[in-house]
Amino acid sequence: MRTKQELGEAIRRERRAALVVNTHSRRGRRLYQGARSRLAAAGFTLLGTYPVDRPDELEQHLAAAADLGPDLLVAGGGDGTIGTAARLLAHRDIALGLLPLGTTNNFARTVGIPLDLDAAVAVLTDGKVIDVDLGLVGDMRFTNHVGIGLSADVMLTAPPRLKRATGRLAYPITALALLARHRPLRATVRAEGREHEFVTHQLYVANGGFHAGRPITADANADDRLLVAYPVGGPTRRELLRDTARNAATGHRRTLGDDPFLAVRQLWLETDPPARVEVDGEPYGESPIRIGLDPNALRVMAAADSPDR
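Read in order, the letters of the sequence shown are residues 1 to 309 in the UniProt record's numbering.
Derived from the structure by calculation, the hints contain no laboratory data. Do not take every clue at face value.
Pair ranges (Cβ atoms, derived) [stated by the list, open to error]:
id	residue 1	residue 2	range
1	Arg54	Thr250	19 to 29 angstroms
2	Pro235	Leu68	21 to 31 angstroms
3	Ala90	Pro273	32 to 42 angstroms
4	Ala64	Met1	20 to 30 angstroms
5	Asp259	His91	18 to 28 angstroms
6	Asp259	Met1	37 to 47 angstroms
7	Gln33	Ala90	23 to 33 angstroms
8	Val199	Gln60	40 to 50 angstroms
Nothing here was measured: the structure is a model prediction, and the numbers come from that model. Glycine included, C-beta positions come from ideal geometry on N, C-alpha and C.
Produce the entire structure from the sequences given, and follow the hints as far as they go.
Put into structure tokens, the structure is as follows:
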């Protein structure tokens with residue numbers, strides 16, 4: 001296993017890469033050819049290129065790309081695509097390159113990857129390799145968050161056509177449609193010898209620094225050895241809507257020391273009644289669950305001035 005510095009030098013020197021783009025995603029289909037041509041123009045030798053139109057084939061194409069032995073595996077798509085690639089590349093001698101082509105692009109924002117395609121390719125050309133934490137729910141790694149309650153119901157319900165047509169607005173639109181009949185849950189979080197109880201429609205446990213394309217807090221990131229657990233609102237629908245708007249508007253000004261954030265290394269979560277769980281926008285099952293961290297599990301090509309622990 002090479003050091004981060006050795007892997008970064010190999011990427012800059014040899015330019016050996018593979019490209020996998022989720023062409024089923026909102027921008028992937030439109031930008032696939034442009035991504036391929038930009039990487040070639042930047043001097044990368046593409047050992048394999050994989051436009052993936054069927055989501056159920058994404059994992060096998062990512063595995064095939066990794067088996068080619070690139071120093072850099074470039075994944076283009078949304079958070080679901082990036083999360084699948086991250087799980088595959090955890091603790092491997094391959095760096096993940098990000099082309100943010102999805103709806104919210106939370107992980108790309110967390111590690112400072114620009115959303116513009118040309119600027120994202122420039123990071124792959126001139127950046128450095130850093131390592132970041134991944135979350136663990138059970139044995140499953142994740143990049144961004146675990147959602148319990150309304151968000152899991154939304155992820156299972158939001159129509160793909162609405163996501164493609166409206167982008168990240170698809171989620172609040174779907175949430176508003178579900179909210180009229182949604183019931184709050186009683187969530188108990190046990191961590192570091194303490195017990196915290198919330199009555200809420202929605203609880204998140206985040207590894208990264210962004211949710212729904214907005215900062216969670218000014219100091220949350222994916223390289224701090226911390227998970228951030230927080231409810232959104234209380235038992236009433238009005239509180240949920242109020243706190244959703246507040247989080248979107250003030251996340252960049254809040255810190256992990258503010259209420260209601262709990263910054264911990266691992267936790268046990270149960271709810272009454274049992275609630276649906278989504279992991280990075282994909283259905284996972286139901287509570288109760290244990291959530292922890294896999295520190296420095298993933299190597300990512302990031303901007304040259306990115307912080308790295």
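Tested hints:
1. Arg54 <-> Thr250: 19 to 29 angstroms: At roughly 40 angstroms between Cβ atoms, Thr250 and Arg54 fall outside 19 to 29 angstroms, so the hint is violated.
2. Pro235 <-> Leu68: 21 to 31 angstroms: 52 angstroms, violated
3. Ala90 <-> Pro273: 32 to 42 angstroms: Between Ala90 and Pro273, where Cβ atoms are some 33 angstroms apart, the hint holds.
4. Ala64 <-> Met1: 20 to 30 angstroms: Taking Cβ atoms as reference, Ala64 and Met1 lie about 22 angstroms apart, which means the hint holds.
5. Asp259 <-> His91: 18 to 28 angstroms: Since Asp259 and His91 have Cβ atoms about 36 angstroms apart, the given range 18 to 28 angstroms is violated.
6. Asp259 <-> Met1: 37 to 47 angstroms: Roughly 41 angstroms apart at Cβ, these two residues keep to the hinted range, so it holds.
7. Gln33 <-> Ala90: 23 to 33 angstroms: This hint holds: roughly 30 angstroms between Cβ atoms.
8. Val199 <-> Gln60: 40 to 50 angstroms: For Val199 and Gln60 the Cβ distance comes to about 42 angstroms; the hint holds.
The structure fails hints 1, 2, 5 (numbered hints given earlier, in ascending order).
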